[in-house]
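Top to bottom, those sequences are chains E and Y.
Each residue of the first sequence is one higher than the one before, counting from 5 in this note's numbering.
Each residue of the second sequence is one higher than the one before, counting from 202 in this note's numbering.
No lab work stands behind these hints, which were simulated from the structure alone.
Hints should not be assumed to be uniformly reliable.
Straight-line C-alpha distance at most 25 Å; calculated DSS-like pairs for lysine-lysine [what the hints assert, rightly or not]:
(1) 61(E) to 203(Y)
(2) 246(Y) to 61(E)
(3) 293(Y) to 61(E)
(4) 15(E) to 243(Y)
(5) 246(Y) to 15(E)
(6) 293(Y) to 246(Y)
(7) 293(Y) to 57(E)
(8) 300(Y) to 57(E)
(9) 300(Y) to 61(E)
(10) 61(E) to 74(E)
(11) 243(Y) to 280(Y)
(12) 74(E) to 300(Y)
A few chain Y residues that don't get close to chain E, going by computed Cβ distances all over 12 Å [said to hold, decoys possible]:
(13) 215
(14) 217
(15) 219
(16) 253
(17) 262
(18) 266
(19) 273
(20) 280
(21) 281
Even glycine gets a Cβ: it sits at the ideal position worked out from N, Cα and C.
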Amino acid sequence: DAGITQSPRHKVTETGTPVTLRCHQTENHRYMYWYRQDPGHGLRLIHYSYGVKDTDKGEVSDGYSVSRSKTEDFLLTLESATSSQTSVYFCAIGPGLATDTQYFGPGTRLTVL
Amino acid sequence: RKEVEQDPGPFNVPEGATVAFNCTYSNSASQSFFWYRQDCRKEPKLLMSVYSSGNEDGRFTAQLNRASQYISLLIRDSKLSDSATYLCVVNKFSGGYNKLIFGAGTRLAVHP
Numbered sequence: 005d006a007g008i009t010q011s012p013r014h015k016v017t018e019t020g021t022p023v024t025l026r027c028h029q030t031e032n033h034r035y036m037y038w039y040r041q042d043p044g045h046g047l048r049l050i051h052y053s054y055g056v057k058d059t060d061k062g063e064v065s066d067g068y069s070v071s072r073s074k075t076e077d078f079l080l081t082l083e084s085a086t087s088s089q090t091s092v093y094f095c096a097i098g099p100g101l102a103t104d105t106q107y108f109g110p111g112t113r114l115t116v117l
Numbered sequence: 202r203k204e205v206e207q208d209p210g211p212f213n214v215p216e217g218a219t220v221a222f223n224c225t226y227s228n229s230a231s232q233s234f235f236w237y238r239q240d241c242r243k244e245p246k247l248l249m250s251v252y253s254s255g256n257e258d259g260r261f262t263a264q265l266n267r268a269s270q271y272i273s274l275l276i277r278d279s280k281l282s283d284s285a286t287y288l289c290v291v292n293k294f295s296g297g298y299n300k301l302i303f304g305a306g307t308r309l310a311v312h313p
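Just chain Y, with the same shape it has in the complex (with noise of 0.2 Å):
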């Protein structure tokens, strides 16, 4: 079983819908948890962190739930501009060292 798992996708939506991007994880001694965006054959950067309260950025939403190790996005009034890969990300202490591991990513199109 991977460490991070993730939809693949695409997930193909007209501009302006809202759409949903979830993530499960498997260590529940993760502390941290990121969502980062990846535009095609560029560098991954970072998106949102995710807080445990939950957390907003514009017309981005994110959750965690520790229960069900459960991590979501939410974008809302999707844009042309939005179309991109999706990872969810989250840390594991191993060996005295932070370390981030990776889903494989969500793949979002937004179309006219």
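The following block holds chain E by itself, in its conformation from the complex (with noise of 0.2 Å):
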């Protein structure tokens, strides 16, 4: 299994708080994403990053930064959590634009009251 890990694994937290959640690789990939799965949507991109300090928009971007300060992790921050924002959130890795397969970490289960 590719070395990826989420934290935390799971949150409850209420409107309006900031939240961030954290993604670790050991396996130096140059490309990270984060999406969130919701039943009837599939795995939806927030963003992704192509280097360090290098992030892009994904598909369902607002209310969500990142930010990817080493290699190895990145981060996603909820500015201010909405109800909306419950999700089942994933990280993946990537280990280059013309390697298309993702491994994805354990996820995070988030709630947002």
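Taking the hints as your guide, dock the two standalone chains into a single complex.
Given below as structure tokens:
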């Protein structure tokens, strides 16, 4: 299994509070991704990173920001959590543009009350 | 219209059965295709890539029809352990970078 961890694994928070999720990899892969998964929608890309300090938006980026200060860490921040952001969040890594396979972390289950 | 569409199922089949899943995609420029497997409350894991000529991995066979923009997965001799959700995945090259587009998944339940 690819060396990807996510923390926390579960979190319950209240509307309006900021939340930060962490993804850590030990594979030295260049590409890292944050997805959310909701019933009926499949995995939707929030943000991705193609290198340290290089990030870009995905299809559902509103209300989220990311940072990547080291190759191994990719942080996802919900600036002011809303109930619509209740979801399961998955981090994924990929070795490069030419290799499409992505490997996923175990996920973070977030509930916003 | 979703970029990748799958029948959500569930497909309920007995052990030993053969079952087929289909998937359609909208981006004719897509070049890479995959099936991922996701167990309940777990992360998706790559099951197999799908090649133009079709490919087989044990009991699993994947087919691609570019003209119809259609991908299939065939599972022979189903096992209880095959019970999972199967995600159809297609690449999309956008903004200079390659991204994966995931279908919502087809749920398979294999019973004794």
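Hint check results:
Between the alpha carbons of residue 61(E) and residue 203(Y) the distance comes to roughly 19 Å, so the proposed pair stays at or under 25 Å and holds. Taking the CA atoms of residue 246(Y) and residue 61(E), the gap is about 24 Å. The hint holds against a cut of 25 Å. A C-alpha spacing of about 14 Å is found between residue 293(Y) and residue 61(E), which places the hinted pair at or below 25 Å, so the restraint holds. Annotation: proposed proximity of residue 15(E) to residue 243(Y) holds, straight-line Cα distance about 16 Å (limit 25 Å).
For the given pair, residue 246(Y) sits about 23 Å from residue 15(E) by alpha-carbon distance, which is consistent with the 25 Å threshold. With a C-alpha separation of about 19 Å, the suggested pairing of residue 293(Y) with residue 246(Y) holds against the 25 Å cut-off. Using a Cα cut-off of 25 Å, the hinted pair residue 293(Y) and residue 57(E) holds, with the two alpha carbons roughly 23 Å apart. Between the alpha carbons of residue 300(Y) and residue 57(E) the distance comes to roughly 19 Å, so the proposed pair stays at or under 25 Å and holds.
Of the pairs offered as hints, the one joining residue 300(Y) and residue 61(E) holds, with about 11 Å between alpha carbons and a cut-off of 25 Å not exceeded. For the hint pairing residue 61(E) with residue 74(E), the CA-to-CA distance comes to about 19 Å; that is within 25 Å, so the pair holds. Among the hinted pairs, residue 243(Y) with residue 280(Y) is consistent with the structure: their alpha-carbon atoms are about 19 Å apart, no more than 25 Å. Only pairs whose Cα atoms come within 25 Å are accepted, and residue 74(E) paired with residue 300(Y) is accepted, the gap being roughly 22 Å.
Annotated as non-interface, residue 215(Y) keeps its C-beta farther than 12 Å from every C-beta of chain E; the closest such distance is 27 Å. For residue 217(Y), the non-interface assignment is confirmed: its Cβ lies about 29 Å from the closest Cβ of chain E, beyond the 12 Å cut-off. Residue-level check passed: residue 219(Y) sits 25 Å from the nearest beta carbon of chain E, beyond 12 Å. Once the 12 Å rule is applied to beta carbons, residue 253(Y) is consistent with being away from chain E; the minimum gap is 15 Å.
For residue 262(Y), the non-interface assignment is confirmed: its Cβ lies about 19 Å from the closest Cβ of chain E, beyond the 12 Å cut-off. Every beta carbon of chain E lies more than 12 Å from that of residue 266(Y), the smallest distance being close to 19 Å; the non-interface claim holds. Taking the minimum C-beta to C-beta distance to chain E, about 18 Å, the non-interface status of residue 273(Y) holds against the 12 Å cut. Here residue 280(Y) stays apart from chain E, with its beta-carbon at least about 21 Å from theirs, past the 12 Å limit.
Its beta-carbon lying about 22 Å from the closest one in chain E, residue 281(Y) satisfies the requirement of being farther than 12 Å from that chain.
Hint compliance for this structure: every hint is met.
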